[in-house]
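Construct all of the structure, not just a fragment, from the sequences and the given hints.
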Amino acid sequence: MGKILGTKPEFRSKVKEISGDISEIVSIVNQLSLEEQEIEIKEKFPEILIPKEKIVEREGLPELKDAEQGKVITRFPPEPNGYPHIGHAKAAIINSEYAKMYGGKFILRMDDTNPEAERMEYHAAIKVGLEWLGIEFDIVKSTSDDMELFYEKGMELINLGKAYVCTCKRENISKNRRERKACKCSKEDIEKNNKNWEKMNDKFKPGDAIVRFRGDMKADNAVMRDPVLFRIIEGKHYTLGEKYRIWPSYDMAVAIEDSIDGVTHAYRSKEFELRKELIDAILDVLNMRKPAQGFFSRLEFKGMPISKRIIKPLIEEGKVTWYDDPRLPTLEALRRRGIKPEAIRKFIMSLGLTKANTLAPFDALEAFNRKFVDADSIRLFMVSNAKKLSVKNLPTSSVEIPNHPINDMGKRTIKIDGNFYISGEDAQTIKEGSQIRLLGLGNIHITKQGIEFEGEFVENGDTKDIPKIQWVPQKTAHIIKMIIPKILFIDDKFNEDSLEELDVYTEPHYLQLKEGEEVQFVRFGYCRKDSQNQAIFTHK
RNA sequence: GCUCCUAUAGUGUAGUCCGGUUAAGCAUUUUGGCUUCUCAAGCCAAAGACUCGGGUUCAAAUCCCGAUGGGAGCACCA
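Oh and the first sequence: position 414 is 414 in the numbering used here, straight run, nothing missing.
Treat each hint with caution, since some may be false.
[Said to hold, decoys possible] Calculated pairs, BS3-like style, for lysine-lysine (alpha carbon to alpha carbon, straight line, at most 27 Å): (1) K411 with K481; (2) K481 with K340; (3) K218 with K169; (4) K371 with K481; (5) K270 with K71.
The set of hints was computed from the structure by calculation and includes no laboratory data.
In structure tokens form, the structure reads like this:
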């Protein structure tokens, strides 16, 4: 029925007339057996047996409203108050992708209007992180570049009677907000407000006075209940030092900046959703251009905290080493762990632009990463919990092994003398009298089983149905520390076993790899070379 | 407490605006098979979902109302 109306919309007005006919036909057809139905269809309507075409999936992000090709300007405004993490990546990637999609411009704006929180170190880390992600900006600026403009607009608001200086105590302001009551300061005239504004420059101490927007103390949206526009902060700003002491709040800064920077579409995470009304209101009063605002959900990984509030104590207690600890979702940690920026981009694009909360499991990212990493990771042998195996009558003293099973990545030669290490896990399954195959080398008949193993080389051994294991020559084995990061929190509790460390043997070829290179240790998983003596497990 | 946002398989999403051409598509996960001198990759297949309750309609994942679950805001942080 739906199908008929879908393909032939002209019947829609006559639904009542045809519905009787249809049910009659359907009941006739249903009396036939499945085989009979199939034969009938084949004879009369062979075309319906052709498999349906697949739906064309939309590529990339959904279309923007009111977006004109070549005229879209987006922005990413991080506050330099911490190290960049996966959440930053999401905001940066979505906004840069939109700019790219419409052939527009993309702005990086360091949102630095709280000198107490911001540091050059973070500013630099954010830049490094974004560069690593491969994100390019057309304009790079800081909110604090426009301090004079904020003052100008602030005074304009005061003179318009749309803002006032409030000298109430913090607790009272908060209480009034809850009770939806205006305070006496809101009744002061423009002249008095201007005087007080001047006094904020020197006389008032931090906390004594703020500039408030004249919103609506009765509004349901608590953000509109006369929010703060400016406040006094005496801390030293990381680029401007002590030049200013009146600083704009987030809402004031974002409103003005997005407007004058020409931002057409401002996407940010959901927790700012209620501020949209305020930002629009400020710009309306000032008669300034408004950007379209959109929102998306925050992105976090299950069991991997993003906030500094949680990470900082972990570092202080020594539970994680630093912000680049591979268990963390910071960009630096992800990089060290062997996650590729392309994988992060694909992953984030795959999440879409929903407002429902996303608590993604880490293996979703791993799956994307594996596809990037597999093609160019050299395959090496590595054994853990090493056990010794000595083999008699080896026919050669060296073997050549390809570096990749499919792609041509060259070969390496391994010198052998009959004394090997094999993995403890494999050793447990080996029985005396059975055969195993040392990968790339040949079959071994096991003659002795125990703490150490002995065996004999088998000529032209069969490769079918025989355990194939990796090995490392004892003489040239290189010992490294293998770090295996695991989930940091299980049900909000710190996972004491979140970091596993193994001492393992690798082939000497490991030493020739570049630092940061991704390898696949055969039958173990993908790992990133962290240093000559340490590797970090990426994923299976 | 008040206000706002949100709800599709184990997980992440597409579809929802403009109800019918899709008995809900993709990815991941899991399981089986093929391939392979790796437990990787590749290929094939199977499994698995519209939160609940009402309403509107010939027809609802899609519109309306209510309930419930999840998140956010009520900062002189951003």
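Structure versus earlier hints, numbers of those that do not hold, lowest first: Per hint list: zero violations.
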